[in-house]
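Visitor: One-letter residues, chain by chain:
Protein chains: 2
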Amino acid sequence: MSGAVIVILSDINRRASSEGDNGRQNVGRSEAMSSRSPQFAMMDRYWRAANYVSVGQIYLMDNPLLREPLRAEHVKPRLLGHWGTTPGLNFIYVHLNRLIRERDLDMLFICGPGHGGPAMVANTWLEGTYSEIYPDIGRDSEGMKELFKQFSFPGGVPSHAAPETPGSIHEGGELGYALVHGFGAAFDNPDLVVACVVGDGEAETGPLAATWHSSKFLNPRTDGAVLPILHLNGYKIANPTLMGRMNDDDLRSLFIGYGYEPFFVEGSDPEPMHALMAATLDQVMERIRDIQTTARTTTGSTGLPRWPMIVLRSPKGWTGPKEVDGKKVEGFWRAHQVPVSNARDDDAHRQILEEWMRSYGPDELFDTEGRLLPEIAALAPEGTKRMGASPYANGGLLKKDLALPDWKSFAVDVPAPGGRTAEGTHILGAYLRDVVRLNAASRNFRLMGPDETSSNRLDAVFEATDRVWMEGIEPYDVHLAPEGRVMEVLSEHLCQGWLEGYLLTGRHGLFSCYEAFIHIVDSMVNQHAKWLKTSAELSWREPIASLNYLLTSHVWRQDHNGFSHQDPGFSDFVANKKADTVRLYFPPDANTLLWVADHCLRTWNRINVITAGKQPAPQWLTAQEAEGHCKAGAGIWEWASTCPADEEPDLVMACAGDVPTMETLAAVDLLVADSPGLRIRVVNVVDLMTLQARSEHPHGFSDETFDALFTKDRPVIFAYHGYPYLIHRLTYRRANHDNIHVHGFREEGTTTTPFDMAVMNQIDRFHLTLAALRWLPQLSQRSAQFSATLKKKLEEHKAYVYEHGEDMPEIRNWTWRREAGGAGVR
Amino acid sequence: MSGAVIVILSDINRRASSEGDNGRQNVGRSEAMSSRSPQFAMMDRYWRAANYVSVGQIYLMDNPLLREPLRAEHVKPRLLGHWGTTPGLNFIYVHLNRLIRERDLDMLFICGPGHGGPAMVANTWLEGTYSEIYPDIGRDSEGMKELFKQFSFPGGVPSHAAPETPGSIHEGGELGYALVHGFGAAFDNPDLVVACVVGDGEAETGPLAATWHSSKFLNPRTDGAVLPILHLNGYKIANPTLMGRMNDDDLRSLFIGYGYEPFFVEGSDPEPMHALMAATLDQVMERIRDIQTTARTTTGSTGLPRWPMIVLRSPKGWTGPKEVDGKKVEGFWRAHQVPVSNARDDDAHRQILEEWMRSYGPDELFDTEGRLLPEIAALAPEGTKRMGASPYANGGLLKKDLALPDWKSFAVDVPAPGGRTAEGTHILGAYLRDVVRLNAASRNFRLMGPDETSSNRLDAVFEATDRVWMEGIEPYDVHLAPEGRVMEVLSEHLCQGWLEGYLLTGRHGLFSCYEAFIHIVDSMVNQHAKWLKTSAELSWREPIASLNYLLTSHVWRQDHNGFSHQDPGFSDFVANKKADTVRLYFPPDANTLLWVADHCLRTWNRINVITAGKQPAPQWLTAQEAEGHCKAGAGIWEWASTCPADEEPDLVMACAGDVPTMETLAAVDLLVADSPGLRIRVVNVVDLMTLQARSEHPHGFSDETFDALFTKDRPVIFAYHGYPYLIHRLTYRRANHDNIHVHGFREEGTTTTPFDMAVMNQIDRFHLTLAALRWLPQLSQRSAQFSATLKKKLEEHKAYVYEHGEDMPEIRNWTWRREAGGAGVR
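Chains as they are written, first to last, in our numbering: chain A, 16 to 841; chain B, 16 to 841.
Just chain A, with the same shape it has in the complex (with noise of 0.2 Å):
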């Protein structure tokens, strides 16, 4: 698109902004959209509504239609609300009230900014959605003194859109998702029009800034439409935002730049404002219309589209007082919080409260019983076209089980434990394929990764499915499709944020990231935890779909990334999070990790976090076999160990991840070559959550099982996958957790072959074997030479990659030779 054309399309609104009266001239071309006409009266009435419902929740627990004079008893003894932001949602939400209901549109609000809680608590009970809901809480002066009381009360609603609030998908609390929320929620959603608020403060984060590019994944054709307002109230808790002091011109030219075309409603007389923001939000819906019919109708390409957008500057704290004890409030970030403090111990500032709760004048707003009048109440739309009643914002409701194949038939054929090596991911591939193909039709599902589907080895699913891809397409690209159904982004924050507001409006997907950089979602996934934790306890809101995550390109195999790549922390992050929503996953190879894909795809409520490498490894479990183990969690593998499952052994070697696995075997291998007589049992852990007491964790094992396995008082050497404090912690209630000896990654890494960064961080086989050998006193007694032996290993091993640069042959072509002649008991 032209320079030239883009001053066309946003002509109206550049001489809107440029003409020095904040545009208002440009309204008024139908008798409707006068900014006299009654409809508009009407709608500040709903406006004034809200507004007094807003400041009653701040500062009231009684007396709640000023039907009495305000006294002292009437006001909260702690004052904790925000208002600054409240009048401009409130705004919003009844000028889209009115695009719905003339438009009859399926709409999804999302309210970014920070502490909007108050505007979302006190429309969704205008519009009847909360008491619907909440019956304790009804639409007459009862229901308001409740509604007023809970407000950032104990027990109650916090400041900010929560799960607790109707027609919300989590955009309260820590800033920066509410637009890739939007986008999320509008993929593969058609009929959808989200509206999505974003606040000038929250538009200074880094994720939010990235998001504006994910217009350039909508495809106008099968997704919905998001339409952002940028809501400029120009300051933060005590600074401008700088957005807030950017002129219009640099405004126009970063949304031109981003994307999109930008429309300008600025002002604070609300009478032009209401005509403005009407003829603003209708012109915007035609260009939608437009973008998707001329998509929807055509065959072919129609290229990126430029999707419009709005630019609202109004007031902080628009309609509150414009000044307390001297100081400019209205218009500033005294707005921000609480503009009149301690309003129940001083009579001067409870008067101002009391004078500007009348201004919005209860008595017109509102019958003798508080419920809204009528007329006033007949604005709103019916149903589930209520923006707190839309089903998108409770996705379990529209959520459909995926169609899955069975997993059974991708499954990696392992004669004998050890016979063969695979690709785990590569083999995952083909049955996320296969899942792709299934869900096709209902297209519900979606795979994010920053730039490393194929990086990671699930390139199967490009047999099936492209990536996303609205840009110009080159002939010689490939996998790049408007359908696509796989969304790559170098950014991991548009991935969690996509996937979660997909997730939360009803739909299914996986995101495959490098296990180290997974680290900068930590606080994304930590909301997301809080808000499944919260929803979970609150009945009207269905389950959704589990959040899953594939970590691949692990610690163990950064060959060449080095130091920087190797974090495999992301487990102990989210094992701090309330037991019921986590699993951590270790599948050891390549049907184990089908299992447990397949088996997390079908979970709800949870996030499932799988961790499995992407080279060529051995392969130990036949499928049946993988069932079974995976069901259990954890198990003895006999067929590993040199003593039966059910006696008693000298020494337990655990293990739980795909590396520590193949190196716990090796070891077992280099025991049994020195003591035959040694009786060892392999256990291997996939579900790390069985470890933990159950009374903390519901997949927690008894401590019967965990004693079977681990036994009371035998050494246990367990080669675990990450920082090994976390083993520590899941089993410090055992009986035996004093003779756990964990070895995992210890924060030493570099540049280096993979069993080199192995012996690095001592979860080798060498140094397993050298740990039996020191826990088994008796052993390595006898063993001296042994030691020796090893030691000398490590040291060759060493000499030959920093030679070679590659693994000593031994190591590189290892195999599991028990089954031709070990002691295995298989």
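The hints are simulated quantities; they were obtained by calculation from the structure and are not laboratory data. A virtual CB, placed ideally from N, CA and C, is assigned to each residue, including glycine. Careful, some of the hints might be misleading.
[Unchecked claim] Pulled a few chain A residues facing chain B out of the computed Cβ check, cut under 10 Å:
#1 L120
#2 G221
#3 L509
[To be verified] Far from chain A, some chain B residues (derived; all Cβ distances over 10 Å):
#4 P84
#5 R260
#6 D265
#7 S316
#8 G411
#9 A496
#10 A590
#11 G650
Please build the complex by placing chain B on the supplied structure of chain A, with the hints as guidance.
Guide: Frame of chain A, contents of chain B only:
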């Protein structure tokens, strides 16, 4: 700035990019700038040398100068390099070298693109810095052989810029932070020009997208310049890039919107590209000097300048193989990593490699000894003007200790333990104000925070300085100025990244943040910790000032924000990092907070995390007591105990954190009232790392010291600020670990009063007391009635707060009264 002016400013480049020939027509304005000038021919040879040395690193382990035909054994067995971005980086580097020489610049090079390691290593080797730092890698054929071999090789260097790379300030590994580090480096370095290359992959990340706004914080009078070079080579690992596929109009609009004046350099033919790049660099340097000169010779504000930036479009894998096996490589993503695979075993591939390397004409570049020919080498700057030798890239060389005030002069007077209340961060604010004042002339200290300096009650700093603000300032604004020392933006990523860049170039700072949201920068902290760990192992890297956090508005006081704002897990995350790098401090009151903050500002190469509340809270220790207690890291509070410190107690009540400490003391009050003879020892922990075994952490107590505090066998009720597991993890090697019962945050929270929050998580006085009764069975028998009383209190409490919205008076007004007749031994 109006749109018209922008068009004029950008006019030359608009033509350059729109005239169909990649703008080559707009150069050649002087003889020196002719595309055929001898200077450009020589620069082209330098570039070819850098490309040759880059390819050699990826492929060769012998025959570096190709003085004999390339044979299989010359090629590395594992090819793990990255070619795609490298030739473009080499191109930029040689052009910046010219600029430095001609203008005598102090320039820092920041290499944002992923896997630009070969280019950085090649250029610093060519200019001589590499061999000065690593004398075993000389500037001859033997050195070249070693240089080649070490790349992506065991014990060698990774494929991205790393601590080992001369001239780097930690732009490698995880992507997104190049530009924010660049701005951090430029603040308060008025003579520095930071040339910052941003890859088009990295440009998709959230942090990078927000960072462009950093120019709104750059003061041309007192800061240096940042020259962003957005390097569009069009592809990531297996995908086009979003910006690579944007047209120049949209790109221009985007960067004008961000506040820059963009210049375009586009093409693939080296000859005209040299001329265009040189002319453009001259032009942007003139622009930078104009901006700086204007600002530095004018009094009063000169406003927010429009800084120049460059968009460089050049092919991915430029000058590499056009095609391999019939597939497009140059100018496509197949050039990303190793364009010609399997070159050791595949003769045809090895031939392509050899032809490719010989295409650079090594014999025209290096003499028979493998030394760069002197006439080529002469193009590089000299001494510390070489970008690999810039002292700014080894900030410890420039670091000066802060001038620090006497912290005791800010201490709270504490006549008796609990005898008064104070707001810890408010007290600290006064200390920080004087830190600002004492270092005002040095301009080497900044405070960062996401709009929370006031909210976190550090307001006193505004008596000494302001917030940095370069955009417009309104008459009613407060504490905004271009020269401010406080940096606020609603992006934890920017705060973190600016501070990292500031520290890495030899300065000091403190980042104050809401505790819950510091997780936003987990992955950045992770990378910084890895940088510090590796840097500390390099003798040539001088220590830098520590990265200091003040985490406040913490989990126990999110009264209105609720669950989304409640997460104390950053400590867990940080505790996974290399022990010697990390310190976790939980000062229980204001005087201990002062000591800890003062201490942290004196340290280097560490990550110090201070967690402390901002709310009014009881004060426990005098300045002198605080000093002794903090120096020890943890200790017995004999005055709060009911038996002398040297006598064995029945029970240890331990605490870490301000709220847990208060609740522990209140629990002691309750226990004493019920069981006056009970021998209770109170242990307070300030430095959490003292809990860890000395073998694990340098601050760890010896077992003797630990046992002397916590006993070997008495029950320990440990009230901890964060997730309880961390205490278990840190103490699991201690003799008494089975008896340590930790109460901490358990992912249970909502909107509540302060005390109710503690109750939910059972770290309140009632639950702590109940725990003590439980673990002293003889007591719990005797005290069935007492337990019932406590449980009734909990019920009363709940009813009270749900009705009144504030804590029961007996909780709210509780003070430590042991002085007035308790059993305390002080």
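Visitor: So, for every hint listed, does it hold in this structure?
Guide: The hints, checked one at a time:
Interface restraint check for L120 of chain A: the shortest CB-CB distance to chain B comes to about 29 Å, outside 10 Å, so the restraint is violated. Residue-level restraint check for G221 of chain A holds (minimum Cβ-Cβ distance to chain B is 3 Å; threshold 10 Å). Hint status for L509 of chain A: holds, given a least beta-carbon distance of 7 Å to chain B, under 10 Å. With a least beta-carbon separation of about 22 Å from chain A, P84 of chain B lies farther than 10 Å from that chain, consistent with its non-interface assignment.
With a closest Cβ-Cβ approach of about 4 Å to chain A, R260 of chain B is found to fall inside the 10 Å limit, against its non-interface label. The beta carbon of D265 of chain B is not kept farther than 10 Å from every beta carbon of chain A, the shortest such distance being approximately 5 Å. Every Cβ of chain A is farther than 10 Å from the Cβ of S316 of chain B; the closest lies at roughly 14 Å, confirming the non-interface assignment. With a minimum CB-CB distance of about 20 Å to chain A, G411 of chain B clears the 10 Å threshold, and the non-interface call stands.
Listed as outside the interface, A496 of chain B is consistent with that label: its C-beta sits roughly 13 Å from the nearest C-beta of chain A, beyond the 10 Å cut-off. Look at A590 of chain B: its CB is around 8 Å from the nearest CB on chain A, not clear of 10 Å, so calling it non-interface is violated. Annotated as non-interface, G650 of chain B keeps its C-beta farther than 10 Å from every C-beta of chain A; the closest such distance is 25 Å.
Taken one by one, the earlier hints fail for this structure at numbers 1, 5, 6 and 10, listed in ascending order.
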